[in-house]
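Novice: Quick mapping for you: the protein sequence lines, in order, are chains X and A.
Residue numbers for the first sequence follow the working numbering, so the first one is 1 and each next one is one higher.
Residue numbers for the second sequence follow the working numbering, so the first one is 1 and each next one is one higher.
One thing to keep in mind: the hints can contain errors.
[As the list claims (entries may be wrong)] EDC-like, lysine to aspartate or glutamate: derived pairs with alpha carbons at most 16 Å apart: (1) X:Lys-298 - X:Glu-161; (2) A:Lys-88 - X:Asp-157; (3) A:Lys-88 - X:Glu-153; (4) X:Lys-144 - X:Glu-300; (5) A:Lys-88 - X:Glu-164; (6) A:Lys-88 - X:Glu-124; (7) X:Lys-298 - X:Glu-153; (8) X:Lys-220 - X:Glu-143; (9) X:Lys-298 - X:Glu-124; (10) X:Lys-298 - X:Glu-159; (11) X:Lys-298 - X:Glu-101; (12) X:Lys-234 - X:Glu-124.
No lab work stands behind these hints: they were computed from the structure.
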Amino acid sequence: MTKNIKEQWRQFAAWVNGVENDEPVVTPEEKRAARPHLPGFVHRVLSEKNELRLYHAFSAVMCLVFTGTLLLTVLFLPTFGGAGNPTENEVMERYVEKGIEEVGATNLISNIILVYRGFDTFGESCVLFLAATCVMILLRKDEKNTTAYDLAERAEDAEIESEENTTVLRSVVRMLMPVILLFGVYVLLNGHLSPGGGFSGGAILGAGLILFENAFGLEKVRRFMSEHVYHIIKVAALYFYGFTMIYVFFTGANDLHSIIGTGIPGMIFSAGVIMPINVAVGLEVACTMYAFYAFFSKGEL
Amino acid sequence: MMLARAVVGSVLVCLGLVVFCISLIGVYRFRYVLNRMHASALCDTLGSLLVMLGLAILFWSVWVTLKLACILAFLWLTGPVATHRTTKVEVLTDEYVMEECEVE
Numbered sequence: 001m002t003k004n005i006k007e008q009w010r011q012f013a014a015w016v017n018g019v020e021n022d023e024p025v026v027t028p029e030e031k032r033a034a035r036p037h038l039p040g041f042v043h044r045v046l047s048e049k050n051e052l053r054l055y056h057a058f059s060a061v062m063c064l065v066f067t068g069t070l071l072l073t074v075l076f077l078p079t080f081g082g083a084g085n086p087t088e089n090e091v092m093e094r095y096v097e098k099g100i101e102e103v104g105a106t107n108l109i110s111n112i113i114l115v116y117r118g119f120d121t122f123g124e125s126c127v128l129f130l131a132a133t134c135v136m137i138l139l140r141k142d143e144k145n146t147t148a149y150d151l152a153e154r155a156e157d158a159e160i161e162s163e164e165n166t167t168v169l170r171s172v173v174r175m176l177m178p179v180i181l182l183f184g185v186y187v188l189l190n191g192h193l194s195p196g197g198g199f200s201g202g203a204i205l206g207a208g209l210i211l212f213e214n215a216f217g218l219e220k221v222r223r224f225m226s227e228h229v230y231h232i233i234k235v236a237a238l239y240f241y242g243f244t245m246i247y248v249f250f251t252g253a254n255d256l257h258s259i260i261g262t263g264i265p266g267m268i269f270s271a272g273v274i275m276p277i278n279v280a281v282g283l284e285v286a287c288t289m290y291a292f293y294a295f296f297s298k299g300e301l
Numbered sequence: 001m002m003l004a005r006a007v008v009g010s011v012l013v014c015l016g017l018v019v020f021c022i023s024l025i026g027v028y029r030f031r032y033v034l035n036r037m038h039a040s041a042l043c044d045t046l047g048s049l050l051v052m053l054g055l056a057i058l059f060w061s062v063w064v065t066l067k068l069a070c071i072l073a074f075l076w077l078t079g080p081v082a083t084h085r086t087t088k089v090e091v092l093t094d095e096y097v098m099e100e101c102e103v104e
């Protein structure tokens, strides 16, 4: 009875995997026999059967050691929510209780990542900038490193693209593009009031740009987003972010009066530096995403 | 009324999940890309329609319904286009496409 069910289950699994009826079902034994063996001396010492046993023993021991180590670590963890835990300090309380009062954004997460931990997020933006720069150095195609083969390939791509009938994609993108970009801007500008912010809004904007490039081609994107504009946006956003953070850190650390107020929490123009920084981060992320796509697919912006 | 709504909504969501399961099996079952695409396009349209409809009935509020309608419109606009583009790439790049799908 049980064997019958097993057999049926295996047949069903094979059917789901797309094995046709006339194809032989590969049994686990056959699979095992077909797999490559250990090279060299192991072969001489061990018979085939013992080699298989060694494999199994090794995998079992590895599993047990890893599981045991992890479980042992769990044993020594502090109890959840205990009073003496290292996470149970005044920082978290302060974020929750004084966050709105001190920084002014109703979205506490953006309070934390952009102001309380501003150094960290600034570093992340620099990483993004660096990554895009490296991709540019590696993948950029200009007159110095373009061979005749590249040119021929590009011409072929352009020919295929010009022959392609993209009416469906174009009409849908024409309809969706404003909505996507508007949503991206909304997420950017509402980062301090609702879930969202620089990174997510920038990702939406970048995805919209990539979609637009897919439908209408690089030439149309170049009308508003050439390499020149890209450089200006990227460097300006990063500089703006950096100088704003320097000002905030300087006044904050020296207990000086800052000209940036917190405003009324919940209003769109509130929370001091958070909204402009969100916009800067968003532009940075959008540019990086689009540049990655453009450099990987075409080698140029 | 409450009970009827809950029952109808849950049944619709479950039907949507059944459609998703069928298309999932189809994606694994079929061998050729275009057949698989056909199976996966099913859950984009019918599955999401059923799930959204069920959720709208479960929540029974104007704003939730509007939001769900927006999501559905987005999915219905983008899903078929994505399927269409992927299919196009397959047709353009596969040399043996005529042998794979015999058109009579």
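Novice: All the hints need checking, so say for each whether the structure fits it.
Specialist: Verification of the hints:
1. X:Lys-298 - X:Glu-161: The hint holds at about 13 Å.
2. A:Lys-88 - X:Asp-157: holds (15 Å)
3. A:Lys-88 - X:Glu-153: Distance of about 20 Å is beyond 16 Å: violated.
4. X:Lys-144 - X:Glu-300: Cα-Cα ~13 Å, so holds.
5. A:Lys-88 - X:Glu-164: holds (9 Å)
6. A:Lys-88 - X:Glu-124: The given pair, whose Cα atoms are some 38 Å apart, is violated under the 16 Å limit.
7. X:Lys-298 - X:Glu-153: holds (11 Å)
8. X:Lys-220 - X:Glu-143: Violated, at about 22 Å.
9. X:Lys-298 - X:Glu-124: Given pair X:Lys-298, X:Glu-124 is violated - Cα atoms ~26 Å apart, limit 16 Å.
10. X:Lys-298 - X:Glu-159: Judged against 16 Å, a Cα distance of about 14 Å means the pair holds.
11. X:Lys-298 - X:Glu-101: violated (49 Å)
12. X:Lys-234 - X:Glu-124: OK: X:Lys-234 and X:Glu-124 at ~14 Å, within 16 Å.
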